[in-house]
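There are 2 protein chains.
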Amino acid sequence: MSDSPRPAIGRPRRELADQVFAETLRLVDEVGYAKATCERVASGTGIAKTTIYRRWPTKGELIVDVLLDAFGSVPVVLGDRRLIVESSIRWIASRIEQPGVGAAFAGVFSDAIRDPALRTILATKLQEPYKLALQETLGESEQRVLFLIDLVTGTLLHRLGMTGEPMDDGDLNALIELVVAATA
Amino acid sequence: MSDSPRPAIGRPRRELADQVFAETLRLVDEVGYAKATCERVASGTGIAKTTIYRRWPTKGELIVDVLLDAFGSVPVVLGDRRLIVESSIRWIASRIEQPGVGAAFAGVFSDAIRDPALRTILATKLQEPYKLALQETLGESEQRVLFLIDLVTGTLLHRLGMTGEPMDDGDLNALIELVVAATA
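Protein chains in written order, with the working numbering: chain Y, 1 to 184; chain B, 1 to 184.
One chain only, chain Y, in its complex shape (with noise of 0.2 Å):
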């Protein structure tokens, strides 16, 4: 995918990734989820749509790793459960306001209620990491860890659908004081 001189190893798999994920997030915010295709990634991008096939078999796939790319990998935070439910709630809402992550976060989830193997998907490589990193650090069960990821995540990207827009700070801390108080 390039000439330039790098180090060769694993460099162009990775620039493919990089290249396919930022076009992809840049179609999801400019015509939406729906109309965000594998096709037009690879005429936006240049790659053979043959080789993007190969590497994401359906558009879910590629929508998880755009989206674990853009989450990054799992916060840590010590301290007491208030800080770690903030930081938590605060890291989420900064990832959904990014351009194209919060349509591609509420398109993939649409998509999955008729998909199986797309939820199979999303909870294991989504949701599974950020999971056991809660239950770890609130000592909270495996079924309330759940209860509050979608309570969380479920309120942020439906006020997107709703407005457009991000929540507000007045209303993310009414979020961040409703956790606290439902972990205490």
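Calculated directly from the structure, the hints in this document are not laboratory data.
Watch out, some of these pointers could steer you wrong.
Since the list gives no way to pick out one identical chain from another, each pair is judged satisfied if it fits inside one copy or across any two copies.
[What the hints assert, rightly or not] Calculated lysine to aspartate or glutamate pairs in the DMTMM-like style (CA-CA distance at most 20 Å, straight line):
id, residue 1, residue 2
1, Lys-35, Glu-61
2, Lys-49, Glu-61
3, Lys-59, Glu-30
4, Lys-125, Asp-115
Position chain B relative to chain Y; hints supplied.
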């Protein structure tokens, strides 16, 4: 659309809507939101595409009418805050678990993130009557009621997207307790 001997005024229009709504929900449940197009609704019902487009110029407008029909009128609950919160949450949860309804609801929010005209329709036609009823019965501010709508609907839809199943009774009760505490 029908040649059966029935009172004429308004009836054919109503029957057309019933057929279109039922076929839309069936399609969303069967093939998912993205593939449930107006074209497929037309071929599934035998109603002309032009007839459907004349009444619902966009898929978003069709889906909002499908949801309004599935939700029905605002339930009037008299009683204390706990009773109002509990019956409202059980009511929306019972609607979201109807076949096709949750997926149509999640899909239209996902589309709305990049579609200001659709957001306006969602806010004024779908959300407004429920918002006003909750402001009136709970005596909470508009901002607080909008926050609680994001919280409850977002949580239920996120659960549906992650698991393909409605929220179980235990977690639904936890959601009710959380909102009761937040409105006390």
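Could you figure out if Lys-125 and Asp-115 sit no more than 20 Å apart (CA to CA) within one copy, between two copies, both or neither?
within (15 Å within a copy, 29 Å between copies)
Pop the pair Lys-49 and Glu-61 into one bin, within, between, both or neither, using alpha-carbon distances up to 20 Å.
within (15 Å within a copy, 33 Å between copies)
Lys-35 and Glu-61: within-copy, between-copy, both or neither at 20 Å Cα
Classified as both: same-chain Cα gap 16 Å, cross-chain 18 Å, threshold 20 Å.
At 20 Å max between alpha carbons, let me know whether Lys-59 reaches Glu-30 within a copy, between copies, both or neither.
Classified as both: same-chain Cα gap 17 Å, cross-chain 19 Å, threshold 20 Å.
Every hint from the earlier list agrees with this structure, and none is contradicted.
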